Structures are given as structure tokens and as C-alpha cells.
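Here are the chains, one letter per residue:
2 protein chains.
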Amino acid sequence: MRTGIATVCLSGTLKEKMQACAIAGFDGIEIFEQDLVTSPLAPEDIRRMAADLGLTLDLYQPFRDFDSVSEDLFAANLRRAEAKFKLMARLGMDTILVCSNVATASIDSDSLRVEQLGRLAGLAGEHGVRVAYEALAWGKYVSDYEHAHRLVEAVDHPNLGTCLDSFHILSRDWDTAPIEAINPGKIFFVQVADAPKLSMDVLSWSRHYRVFPGEGQFELAKFMGHVVRAGYTGPVSLEVFNDVFRQSDVERTAVDAMRSLIWLEEQSAKWLDGTSTEGTAGSAAGSRRRYPMELATLPKVSEPAGFNFAEVKAEDTVQLEKLLGQLGFEFNGRHRTKDVQLWTMGQARVIINEQAASHSEPAIAALGFDVDSPLIASARAQQLKAPVVVRKVQADEEVFQGISAPDSTEIFLCQGSPDGTAAWTAEFGQPDESGGGLQHSSLRDVATPHAVIDHVNLAQPWQHFDEAVLFYTSAMALEPQPFAEVPSPGGLVRSQVMQTSDGAVRLVLNLAPVQQARSEVRKTYQEHIAFAVDDLVATARSARDRGLEFLQIPANYYEDLDARFDLEPGFLATLKELNLLYDRDANGEFLHFYTATVGSVFFEMVERRGNYDGYGAPNAPVRHAVQYDSVHRF
Amino acid sequence: MRTGIATVCLSGTLKEKMQACAIAGFDGIEIFEQDLVTSPLAPEDIRRMAADLGLTLDLYQPFRDFDSVSEDLFAANLRRAEAKFKLMARLGMDTILVCSNVATASIDSDSLRVEQLGRLAGLAGEHGVRVAYEALAWGKYVSDYEHAHRLVEAVDHPNLGTCLDSFHILSRDWDTAPIEAINPGKIFFVQVADAPKLSMDVLSWSRHYRVFPGEGQFELAKFMGHVVRAGYTGPVSLEVFNDVFRQSDVERTAVDAMRSLIWLEEQSAKWLDGTSTEGTAGSAAGSRRRYPMELATLPKVSEPAGFNFAEVKAEDTVQLEKLLGQLGFEFNGRHRTKDVQLWTMGQARVIINEQAASHSEPAIAALGFDVDSPLIASARAQQLKAPVVVRKVQADEEVFQGISAPDSTEIFLCQGSPDGTAAWTAEFGQPDESGGGLQHSSLRDVATPHAVIDHVNLAQPWQHFDEAVLFYTSAMALEPQPFAEVPSPGGLVRSQVMQTSDGAVRLVLNLAPVQQARSEVRKTYQEHIAFAVDDLVATARSARDRGLEFLQIPANYYEDLDARFDLEPGFLATLKELNLLYDRDANGEFLHFYTATVGSVFFEMVERRGNYDGYGAPNAPVRHAVQYDSVHRF
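Each protein sequence line maps, in turn, to chains W and A. Start counting the first sequence at 1; every next residue gets the next number (the numbering used here). Start counting the second sequence at 1; every next residue gets the next number (the numbering used here).
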């Protein structure tokens, strides 16, 4: 699949955009007219720069408001088109996007449109230009791709074809199946964009909220499958108008964009395999290869089986050690060669990394996921342009495959085991008094309560939220769930759960409100690791006896809880006594408590009863308010 | 008019919100349940604190999903209500908001609703509580205030009344006239919110985009007029869910909110006067006084007649002096007691203030507006809670009435003159060689070209954009125009013009994209003063001859201009030679050029031909791109 991207997707100058596209590995770009008009570079310079960067210039766009106009305006439009055709010759470009008329269309006549598009095609032919005609979703008379293509067919000129744009088609819920029937020689260009399903006017939706494939909710694999079946072989090019991408770092956004196309390519192949009508499942991949467009595949991975560990980093780790100890975690010794400690409770493993920069406060640094094959998972992530993380290891130690998530959390791909243990823990222990070996504290352990990492909650910088969703979807096989918005004293926090189908891995990405001068980073960027236990009340009592500082839940909360749930008085008293929070839904119950915060990290202990699958969402505002208050009090 | 505000409008903890409301001067507040539930304060503490702050606790809200439910759920709902009634007794509150059911309604029967609301009213009566029933715009069965009120009338219980919320009524375009027919004793509460007219689902619109009255596009004065005519005398309370206000400084937002009610009060009185059906215009105000609700009035001002001056401040003013001199401005001497210079071209007056803090770069510091009566305008602004600016003056100097705009620009209210001159300029001049007096340079002037300040463009911090719109509307009598969005390499810039009806004063408020780490404040916060002249080409030629550094416009721009407008080749060559930009519409033509930037300030010279009323919007992206490029190059 030839990959492309419109310069309007990115921030910066045309030069910066082109360089970023080359670095990200795109085959070609679409030149958005405004980027050219505002550039100090001459068309010839742009042509040369593209050649040097290994980028083809695939599409000049947009040419607006051409068809369905009076004869006067039509003459001016032809003149305007010719100026652009001449400019394209200097750029060495041969395809221009002409959108259906939005602003100046005054005559609703297909025969007039055929005549006007025909004359445009004729002029284009004289200049060696191909016109790709596109139906905008809000076109005045032409808003449907099939209508646009009927016009193209009626004109029947070699220099006029169709441009298919997934946004304009899927935003209007047009059926995509008829794409397969289009003569591939008449599909001059294909643009793709995803979008969240918003119910707002389609123009605003299009101009502000498009996202890269995999970051929204459109059925893009299906759209692309039809395009591939039609026999199209040209560029598949991103055209994404997004307020955030337009102001984010250009190189990073370009990589995010490229990742989305690599992912889309794989998903399209899957869709084709899944909907192949011929033969058995085994031959499906074979039948796909009959299509002219070649779809590259990625190393396949299943969703992770669980968290292998979580790592917290700090210069001064005393507070972290104290908290974990009070929660009931057991110190399993130090690593034999590194300045890290291992703390465990059942199968919940926390590494405390002491190798932090000076003055750095405790923070979540890394997560380990159990996967079938760390090498294959790492290969997949790297093909999806995830940056590799390298950590020093000794020859006889387990090598972790690590990649860096968009928020800089290090993600390690670990070899899962059927019983949930981790071989690398053998590298930790107390120095044996006889010298040489390590004495494993786990051997001394009699009755460790059952515990696992239930979920991890990471604060996301607002510029990289969509990127993070695509990263975890494509590289880590997690599924985004419908998002929630949680009120906090500092603003609404957008909360996006990414999880495996069985809930064994649950990540909560929190998009914090933009920082205020008054606020401190600590306030909005608190993150946490939650552990699930079998008996939360017992865990809380033990923790209290060990002196744990609980997050203090207001008495008003328990009154409201009682009003909502009509709880048994003894149970309510227990919740209140231990600062436990409670939720209930049709599937089950949820009990949980939070610790005080150390640096930007706190811990949560949870108990899931029945099939409760949430996170106590009604309680999140309480947590935010109390944390805000405790930061603002000091 | 009794003023109120719901705590959900503001950021921070309940305590911070209450304090801010008291400082801003509200009469009372609505307690939003979540603020109470998440607060460490006991209900009795909140009651006491409110009393100490002089705030009444007017409404407890929201109580959701009560009506139209099965008998089982109804019993639970009554129980839930009783818990809240008891809580309200501890708070000393007597009114609760009950919203029409959104989530759990399953039986669409008005007779069932009358029965269930009746039983609720009975229970409320036992607790001395008044239930204000409100139709949510997206209520499952009840979404129309008239429907809600029919239910209230059918129940006919002294403890059940109606809550009217402008958002739920105006977002659905319900007719507001029938409000007048409602028995005022049955209107238990009135909530007001404004909103921009967005075409999106009403729930998202309501939860994120409400603004304070005067910051949106709803006809609130009319809504309030009907409420007043109905005979309502209770609180008029703001209920504004807004993503930005929720994260802005709480005290400042509370003042913005209070300003909106003061303004609404005046606008409502005006609407009543304007629609009074009895007697002459002279007796209109008299007839308004017949209504039970008292509406306070503000000192009346007309829109300003023009800019009196603009002031730029810097530690090192050499570059500014050079630019103004090259543009053709004349140095009119120094102030006799202050470190400020006066530069003029025709009636365009620029003050260069040298009293800047050390290391401060040149920036726009103040604007003077010509008004009929500076004292009355200042009194009005102060009643609208605008902070007063005090500047030292000598006994025999003109005293400027100054107020501070939301972006900290100082706004001075100056005595306008019929011929556009300003008396205070006599305080400037060259020291007379004979000692004592000042020699006025204007006396030496032979042929000053006609020039005025055409518009001023101010960058707005994103947290205070809506506040700025209301400030200039209410205190300065400027009218907001439909806003535009301008693409720039750093993101979309939202551009909001505020102007007088004759265009004599034009302010452009630019909402810059949020800052990136890479970007520099200079980049997005460039601001400018534009001067209108009669012959831009001549002005540009002279400026060029004086060595002015023009903003360099790319050659590509002129090619595109030619494609769009088919310009006369000689004219196009002149534009290109002088770095002039051009626009044309049905009303006329616009020529303009920009200078290089000094600090965060640059200047623009414009010529308006015919009745062109815009700002060269199609050229703004070019300006942004070139400025971005010049900042990033260094």
C-alpha cells in the first residue's frame, strides 16, 4: 500500500512538514494549497526538496467551488484552474483535488455539471493534469460519492476521475459496498480519516475532530477493503483536520500518522480475509493476494495475559517502601546487579527503582505485560514505529523487550507463564550469609494473600491522547472502551479505559485539564497502580493496623452512598471506619480504597465482587476532590 | 433582582467556591450535590459558613430520575428523596431541584407522573421542603417547560413548583412567551445560562459549552422579560457547565459571572421598556416599575466614537521609535512630567511609554477610547466590576478614567472631541529654548497625511476569552461579530471582532492555540495596531524609502492572488514590489501591509476602498506563517 498524508494534518511550515513526513517514512504527500501559498519556497524548490526527501507529490488540493455555477463564474473558475495547472507543472504534480461546490453553486443540474466538469477535464488534459472529483459531505448539490462518480462516468474523460474520502462517506453513513463496482481506473485518489462518532454539524466535525485511523470509531478497514476489492492501487493518504494535531510537535504527529496507516493496512487485510467468500479460512490469505494492491502484514500478537509488574521510580524511595509495606506487600530483596527492589503481594509485583535523577519525585516509570512471545510482540511494536527502550542487562539475566509509550512510560514485553509467576524474580533476593547466592524471601513466605495488579491509571498529556489510544490499540492489542468524563475541582478529567477482552489488563488513560498557573503539576498528574485482593475489608484493617495513611473520605460521601444504595448499617459503618468506597451495578459490587500520594503516585486496593467490571466511576470525583484539597492545603 | 450561582459553575473546593461567590457579591448560591458529597465540611459547617459570608443557600440540586418509574423504583426514589430532605434541614435549605427523568423512566403517563410528583410533594411538605420541578431539554418523556408546568398545576400542592432554566428552554427553541401566563407563586426557581449557537447534541452542548449571559447567542433579556412579567421575584441564578470555567481561577470566574447578571438585569429592563405596550416611550420605565421584581439600572453609555490613542510600553523603545518614524509618524515630543513620548500621524496617536519593567519587551499596554462622558463610562464599568487603573497625574493634567480589561490591557475612557483632536496632547512637546514652556511639534507640521487607528488586535489567554467578550460588550458597548478561525503553523487561531456599529472602534480578540514547549510566547502572542490611511501605496513607498522592514510576503501568495482575482498586471506588480496584501469582496477592496515585529508588537497600515468592512481574513494565514517562520528561523 502506498502511504500518503496531506500537509494540513501537521503543524509547522511546509518545509518542517515535508521533513517530518520523510522521517516518518511516508511514500508521498498531498500539498495543501495554503501551505504552499504561505511558504517562502518557490514551487521548483518544493519539487526538488520532495525529490531529495524521497517523497512523491501525490495530490494538489483543494480546488473549491467549481461546478454548478453560472457561465460568468464558470469562465473565472476555468481561468483559476488553469493558473493552478501551470503551478502544478512547476511542482511536477499531476493530480488535483476538485471538491463539489459548497459556496457558489447556483444551478442544480447534472447535465450542466457534466458539461462543466467535461470542459475542466479537457483543459486538464492539455496540461497533463488529472482531476480527482470529490463529493464533500456538505456539498450543496453533490454530497454523495456515488453521485460524484456518476458525473465522472458521464463525462467519460481520461483526465477526470473520482476521489474517495472516508470521512465524507462514513460521516454521512453512505453504504460503502458500491465502491467495489467502481472502475479502478477511475479512482484517482483515496483519502482516509477516522473520527469519533459525534452528533454535531458535519462541517465542524470534519474541520476540528477528525483523527488518524484507529483513533476514532469509523469502520475504516471495511471501507479500505472495498477500495482494495475495487482494484485501486494508488496512494492511501491521510487527510485529518484536527485542532490538536495542528499544534502538536510535527515529527511526532507524523509518526503517529504513519502508525495509523500501518495499522489500517493490517486491519484491511484482516477484513478482506474475514469476508472472503471463497474457500476455507486457510486459503483466505491466499485469496487476498489476488487483489492488485499489496497489503503488508505485521507480526501477529494476542492480547496480553496480564500485568507482569509495575515499576515506580524515585530518588528517595523510603515513602514508597513504607506505603507498600503497610499495604501488606513483602520485600523480596534487591536485584543482584541493579539498584532496584522487588515488592510482591501474591502475583502483584512492584519494582522500586532507585536509579532516578536527583530531585525526582516518585512516579510510575514502567509497566510489564505478559505476552506469548516478547520477541514477536516487540517486532510488531517496532514495525508500528514504537521507540525501543534499552536497559543494561548482565549476560545471565532476562532480557526485557521494551518500548516507549507516548507518555514516556516504558512498556516491557515479558514472557508470561501459565501460573502467573515471573522467572526474572530469581534475580532478586537477600544476600545469602554464606556469600555468593541469593536467599529468596518468597521461600520464607507462608501465606501470601492472593493479589494481582488490577489496573494502572496513567495521566496523559493532552497533545498525545489520541496517539496513546492508537499506540495501545495497535501495538499492545488493547481495546478502547467508551470514555467517561470525571468532574474534579481543577476541571473535567477525560478517562479512557483500554483493556483486554477478559479484563486481565486494564489501563486507564486520564486526560487532565490544561494546567493553570495556580495549580501544581502534582495535582492533576497523580497516577496510580491498583491491586485486586479477595478480601478488601481484611486488607484495609491490616493496613490500618500497620499505620497506613488512607485517603480520607468525607462523611458526606457515606450519607449519599446510603441514600443511593440503602446499605446494611453495619456494612456502611465498616466502609466509613476504613475509608472504603463502594459501588454497585447490575453485575456486582466494587469496594476500594486509596492511599495518600507520594510524589505523583498513589496506590489503590480493590475488591471486585460478582462480575463488576468498572472502576467505581461515581467515586472518582470524591477521590479527585480530596486529593486536590490535600495538595491545596499545604 | 436577587442574584445567585450554582457551585458547579466554578473550579475549586466548595469552600473556595463559596468564598469567591461572596467576594463577587452574589446574594445566594445553589449547592451542587457533588460539591457537597466531595467536601470535608459537615452540612452544619456549610450552613454556618454561608451565613458568615452573607450568602443564602437557595437551591439544592440536582435530584435526578425521579418520575415515570415503576412502583419498586418509586419507593427507592422516595427513600432517596427523604434522605436529601433531612440533609437539607441540616443545611438550612428549603428548595430542591428535581429534574425530569432521563435514565430510568419507563412509563410514559402523565397521570402516573402527577401521582408520583404529588407523593413527593406531600413528603416534601412534611419536611418543609419546596420541590422545583424542571424539564431537562433531553428528558425522556418531559422535555418542555410547559409540559412540566402542566404536571405541577395538576398536582396542585403548595410544595411543588416549576424551575425555569433558560438553557433547557432556549436550546430547544421553545416559545418563551407562555412563561408570562404562569402563576408566579408556582415558579419556585429561575436558572439562567447563555450558549453559543452550536449544532450538536443538546446534552454535550449543555454539559460543556454553556457560558454566562452575554457571552453566547441566546435571547436571554427576552426570556427574563417574560419571567419578570409573570411576576417572579425569586433568585435569578446562573447554572453554567463550561469546560473552561471549571478550570479557571475561581475568584475571577465568579466576578465574570456576577458581571453577566448585572448586565442581564440591565438588558432585561431594556427589553421590558422596549416592548411595553402602554403609553409613550417616556412612561416605559415607569410601567416597568409595576412589576414585582426590581431591576437595577446602570449608568448609560453610547458606543465609543473612536480610538483616542494606543500605548506601547518597553524598556528599550529605540526599535519602536524607528518603526513609527519609518511608517511616517511624527514625534510630538515628550510628556512634561512622565517618561512617555507622543507619536502621531493625522489623528492616529501612539504613546511610547518608557516606564516599563527591566527586560520587558515592547508590548501593547493601553488603549484610549473616545466617549461622551469618561466619568459616566467609568462609573458604569466599575458597577460592572471592572478593576480601576490608577495613574499618577499632576494637578493641571487631564485625569484619565482607566479600567483593566481581562487580558490586563489598560482601557482609558477619554473625552472625545468633534474634530477628533485630544486636549491632553498639549501636555507633550519639545522643551522650549526660552525655558519653561513646550514647543508643540504639531505647529511645525505642514501636511500630515490623514490617518486614524483602524483596529487593534489583542491576543487573549484562552481562559479569559469569554470573559473578554462580555467585558467589551457590557462595559465598552462593543458588539461581538461572528468569529473566524484562522489556520496558522502553530494551530487554529480563533479571531473574534468586537466593534461599534459604525466601525469607528474595532478590536480583534485573538485566541491563540495553547502554548507548546517548542513554541515561544512571542510566536503566538504577537499583537498589533493597525492604522488606516487614504493612500496605502504612497504610504508604503515612503516607508520603504525610509528603510522600513516590511513583513516579507511570499511570491506564491501573489500567484494565488492573481488566480483568484485576475488583477491588472501593473497593480499586481506594485503589490508584490511593496509586500502589500489585497482582498476584495462585494463591498469594496482592502490593501494592507505589516511591519516586522518588535517584542510582541507589530504595526499594520491599511486602506479601505469602498465599503469594505473586513480585515483581509484570507491573508491572515500568510501573516501568521511568515511571522512563525521568522521566529523559528532564529
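Among the hints, a few may not be true.
Heads up, the list lumps identical chains together, so a pair's fine if it works in one copy or across two of them.
[Stated by the list, open to error] Once the Cα atoms are required to be at most 30 Å apart in a straight line, the calculated DSBU-like pairs of lysine-lysine come out as: (1) K322 <-> K338; (2) K197 <-> K140; (3) K86 <-> K270; (4) K86 <-> K576; (5) K86 <-> K197; (6) K576 <-> K222; (7) K270 <-> K222; (8) K15 <-> K140; (9) K576 <-> K15; (10) K322 <-> K140; (11) K576 <-> K322; (12) K322 <-> K222; (13) K576 <-> K385; (14) K576 <-> K270.
It is worth saying that the hints were derived from the structure and are not from the lab. Keep in mind that this is a model prediction, so the values were computed, not measured.
Against the structure, the hints come out as follows:
no.	hint	verdict
1	K322 <-> K338	within (21 Å within a copy, 63 Å between copies)
2	K197 <-> K140	both (23 Å within a copy, 22 Å between copies)
3	K86 <-> K270	neither (42 Å within a copy, 59 Å between copies)
4	K86 <-> K576	between (76 Å within a copy, 20 Å between copies)
5	K86 <-> K197	neither (40 Å within a copy, 42 Å between copies)
6	K576 <-> K222	neither (52 Å within a copy, 50 Å between copies)
7	K270 <-> K222	within (10 Å within a copy, 58 Å between copies)
8	K15 <-> K140	neither (35 Å within a copy, 53 Å between copies)
9	K576 <-> K15	between (61 Å within a copy, 23 Å between copies)
10	K322 <-> K140	neither (67 Å within a copy, 51 Å between copies)
11	K576 <-> K322	within (24 Å within a copy, 71 Å between copies)
12	K322 <-> K222	neither (53 Å within a copy, 62 Å between copies)
13	K576 <-> K385	neither (48 Å within a copy, 44 Å between copies)
14	K576 <-> K270	neither (51 Å within a copy, 54 Å between copies)
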